[in-house]
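Novice: Read off the chains here:
There are 4 protein chains.
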Amino acid sequence: MRAYQLPESGAGIEALARVDLPQPKPQYRQVLVKVGACSLNFRDLGIVRGTYRMPVRDKVVPLSDGAGEVVEIGAGVSRVKVGDKVAGNFFQRWTGGEPSQNVQASALGGSIDGMLAEYAVLEEDGVVKIPAHLSIEEGATLPCAALTAWHAMVRHAGLIAGQTVLLQGTGGVSIFGLQFAHAMGVSAIVTSSSDDKLKRARSLGASHAINYKTTPDWEKSAVEFTGGRGVDHVVEVGGQGTLAKSFGAIRIGGKISMIGGLSGAATELNPSLILARRANVQGISVGSTEMFEAMNGAISANQIKPVIDKVFSFDEAQAAYKHMASGTHFGKIVIRV
Amino acid sequence: MRAYQLPESGAGIEALARVDLPQPKPQYRQVLVKVGACSLNFRDLGIVRGTYRMPVRDKVVPLSDGAGEVVEIGAGVSRVKVGDKVAGNFFQRWTGGEPSQNVQASALGGSIDGMLAEYAVLEEDGVVKIPAHLSIEEGATLPCAALTAWHAMVRHAGLIAGQTVLLQGTGGVSIFGLQFAHAMGVSAIVTSSSDDKLKRARSLGASHAINYKTTPDWEKSAVEFTGGRGVDHVVEVGGQGTLAKSFGAIRIGGKISMIGGLSGAATELNPSLILARRANVQGISVGSTEMFEAMNGAISANQIKPVIDKVFSFDEAQAAYKHMASGTHFGKIVIRV
Amino acid sequence: MRAYQLPESGAGIEALARVDLPQPKPQYRQVLVKVGACSLNFRDLGIVRGTYRMPVRDKVVPLSDGAGEVVEIGAGVSRVKVGDKVAGNFFQRWTGGEPSQNVQASALGGSIDGMLAEYAVLEEDGVVKIPAHLSIEEGATLPCAALTAWHAMVRHAGLIAGQTVLLQGTGGVSIFGLQFAHAMGVSAIVTSSSDDKLKRARSLGASHAINYKTTPDWEKSAVEFTGGRGVDHVVEVGGQGTLAKSFGAIRIGGKISMIGGLSGAATELNPSLILARRANVQGISVGSTEMFEAMNGAISANQIKPVIDKVFSFDEAQAAYKHMASGTHFGKIVIRV
Amino acid sequence: MRAYQLPESGAGIEALARVDLPQPKPQYRQVLVKVGACSLNFRDLGIVRGTYRMPVRDKVVPLSDGAGEVVEIGAGVSRVKVGDKVAGNFFQRWTGGEPSQNVQASALGGSIDGMLAEYAVLEEDGVVKIPAHLSIEEGATLPCAALTAWHAMVRHAGLIAGQTVLLQGTGGVSIFGLQFAHAMGVSAIVTSSSDDKLKRARSLGASHAINYKTTPDWEKSAVEFTGGRGVDHVVEVGGQGTLAKSFGAIRIGGKISMIGGLSGAATELNPSLILARRANVQGISVGSTEMFEAMNGAISANQIKPVIDKVFSFDEAQAAYKHMASGTHFGKIVIRV
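Chains as they are written, first to last, in the numbering used here: chain L, 37 to 373; chain Y, 37 to 373; chain S, 37 to 373; chain R, 37 to 373.
By construction, these hints were calculated from the structure, which means they are not laboratory data. Just to be clear, a hint being listed does not mean it is correct.
Copies of the same chain are indistinguishable here, so a pair counts whether it falls within one copy or spans any two.
Within a straight-line C-alpha distance of at most 20 Å, the following computed SDA-like cross-link-like pairs (lysine to any residue) qualify [said to hold, decoys possible]:
1. LYS165 <-> ALA337
2. LYS233 <-> GLN354
3. LYS256 <-> GLN137
4. LYS346 <-> ASN247
5. LYS117 <-> LYS233
6. LYS165 <-> HIS365
7. LYS117 <-> ASN138
8. LYS95 <-> SER45
9. LYS117 <-> GLY263
10. LYS61 <-> GLY110
11. LYS61 <-> GLY112
The shape of chain L in the complex, shown without the other chains (with noise of 0.2 Å):
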């Protein structure tokens, strides 16, 4: 079959090479998919780059970001069958509940072949199906980025109706969080640099929008807005510089996810902020597949549409993750397979 390799991690974006795989096959309680449409995270750069830091094999098959359709199934398996749109889980062994502790093991795209290429070989709790209202490509773009927002803002924070959650920039996880605040009552403050796209995060729903370049202390403008309170929650992926006006945004007893860096040197963070807010920090990684359903519950009942900023061909790969890298996107990149 058709497939991408990364020889190894750090090798560069010219080093993602076409090759041919023998077609896997599934075993007891996994599932076959051919894959249709895969996406692209920042997280996928910095396996190119080199500078994630979670394990990545080598010759790794990249991209945790797929969906398609089952084509064959393993014995035993019960939860999907041949002609299921589903979607791969990012931790292929993190069903539900608290992550193992070898969770990482089982990271679709890194520790374990992803989803750039023809077919797949999945656990058969590793998958979900996608919610009916969504293209494949669509359903690509759920994996990593919508299920942070959504573990974050859910289980973390468990934002309800009528509280404020403050977003950082206009990346997959940060737009996700927009649209799931929009369905959920919550309202959102965005920050971007670009009046364009805070334009485009009113559009989807942003209560408040915040250039972070005309308002450098744009944590008091998100106070503001709450009427002097602060904000309930922060979903925290800005890095560098970010990290002390987001307690400086949220209320007494606020929280703060902290996703995976985009920027590469992580900030310092002086304690004393955690204890003067009473604050609840969490790191987050992705989520389980229970988390997954949950979240595709709430993207059909409220007919959410990802947003996709371009699609592009399998022979396009390399350009897919040069236009991830140029950071002009709104929304996400998808290549279809």
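Based on these hints, arrange chains Y, S and R on the given structure of chain L.
Specialist: Frame of chain L; chains Y, S and R shown alone:
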């Protein structure tokens, strides 16, 4: 000051008497509210009819639900100031956390004097500011019915976007529940014996509407709507004959909030139903001031407008009770003070 | 390999037949366990008597509870290794989080073959290591009764030190519940019709022991023990006649876990009791592998030793069932394989 | 009445002055307490030294921790009666649920007058009955240190039997934490620079004791104790130099409760540690009256006796402060009033 009194529980609507009472004075951490409007709940009808099982003091000033303006504050008050528009919390001494064992002793319009008077003295921790976009009449509808629905759906069931709630009938609790569900991205199923009321429920955001007269097996229709899985939550207000059907409607692991019965006699419940569905059943009685504030946040952020059926003048209080007794209303019945 | 089979549900104890079955092979992410011991639960008696309401396959190898040594692992297994002493989880496919809708289809000794055999193939996510201080016989007592008590007390009731739980009788669930309560700093009230059994319960740490024969109003004695407040939690295993009393025993806001009934006919429940106590009632059916691991942590850290009533040989399996049917035991009945 | 006053924050121990103040009167829902004993916390030392960052009123009556007998009640009081032995809650206006935004304004011995006086007027919702088996001196040790440990371990970490907590040093919070862990079936690891103090910690139930002077890599010793998995929870009181090690000690998904720092300067925290461990970090500041009552339930049921280092007379208040400053104590320092 002008007020109404009920000589004793069960004295009947005609016994509701206009009286002149001394204007109360706020003590330490109390506030004096000039009442602008009150609203009615089935509980108030139960009190005049003598079917309400909780203690009611003699010569009680009736009605738990009322809103008005703070006109004087006692010593030590910090939560509100003169001029604030507030509603009283049903339980004056349930601030937050779990209710104390004797919380029932602080129920407005039952164990203590209520709101159907020109002035009321309330605990500072027993009032909440009403959402800015609401009139005093609208604010007066919130304390009992809306908070009961909020407690059931947000605190007990912990409903998240994408889940499904079943709401029985179109009384105050169910209509507020419908509006909250709509704001929260939760799918609402509403039942009624009136196609006209179901039509109005649809216009308020109901995803599925069932006429239980023409569809006596409404629980099957509800399960079908969820694709065979069953609903996540039922707000059980129906009383006789609905409970077994509610268990038929929920999914494995579903939740049922039991609200103070509208019908006099309680039905029998086969406890094996709880076991078979691994259900979670919770008795609910209004909520805390803390919940009220959270609910008002949701009402504000989502610009929810309470549905008011009819507004009566202070002189027409008995007529307001009779209108509620007729059961023809859709939405809240208000008395302007 | 040697094994027992039950021709069909309800065939009776005498129908339990010694058979010779082919030794099973572990597939992908499965393990082969050489069974050392099994233990019995009332559910197993229900299956041979035909009173168990869940589906039972014909020619089932009976018993959910068993422990042994991993002697072979299938491909992809990472949670355990050859040589590990493990017990199987009642539900082979309930790993963590909420149970899936079809979890019942993976119940050992019911919908799938159980442990009363020389070897058993189990899912790698369906086994847990037994605490190091326990023998195989002791480890075999944990899957059903202990996990049910743990689920009820720790997950449902969320009991914390200083609260009070009421445990009915001295069956497996209640005795484990008593040992857990003692370890957790939770006060346990135990009821029984036998002063001798109550004495043994006291020696295991019961704070209060009530003979329900001589004190038919045992719920009043329980409330009195709590200084008039009521107990926080009842693990309801009693069936007929106990449920109304359990509501009489709990505090406002108390919790009742309903466990699979021992008595055939379910009692009727007046739902107004749920409302009056603002009670929370949850149907419980064993638990997940994740809960099992947490429970084993508690058993290890507190050096809890399961109470074993009597150990039978593999040949005496029918005698073991008859001993359980006699109801004279205190603690678990074990069959050595 | 006799009392002490501190002229202003930072005035120093020698400035603590014996004064004669008018006896206060309880207003509506307040109680008058005849103080029997007080106890000291590091926070009190911070106030006299001027290193406490929260607001302190001038001429404050110091000390948050005190217990005594109710000698008079204001109108409307229902929670306690004359003759009850009670302790005051640190935050007089944090009854239950989440703290209000201005809870800090009700901190005894800081923003409002504290307990180092013959009499104190407290809110009825700001007092709790002390456990019956405790003396007034012992009851006076509970409000700040014990409740902080309880909040961290029971509310934030939700520790359950079988889990492991790491407690730093042998100050008040850690010693109470150790006693709670022991009662809850939770394994406690204690660190100290004194083998003698570690020996005493073992006698109070510590499962593992580490001298951080002789074992500077104490986090590795902690991980080893848990079989390589990491501890579930750290109560972080250590300040400089301990935080990074605490992250090294916790398991994936572990929790760190940050308690008000003992050391002046806060350390820097590399936020990538939070992400790498998927840790949950919570800033903790004492707790609510509701938590205090739950804690007292645990203390009573488990007959926990606070460890008192030394009791001073009212005249020796300055000596008590100096003893705390010496750091040689093990357990609480008490002043009899």
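Novice: Any of the earlier hints contradicted here, and which numbers?
Specialist: When the structure is compared with the hints, numbers 2, 4, 5, 6 turn out to be violated.
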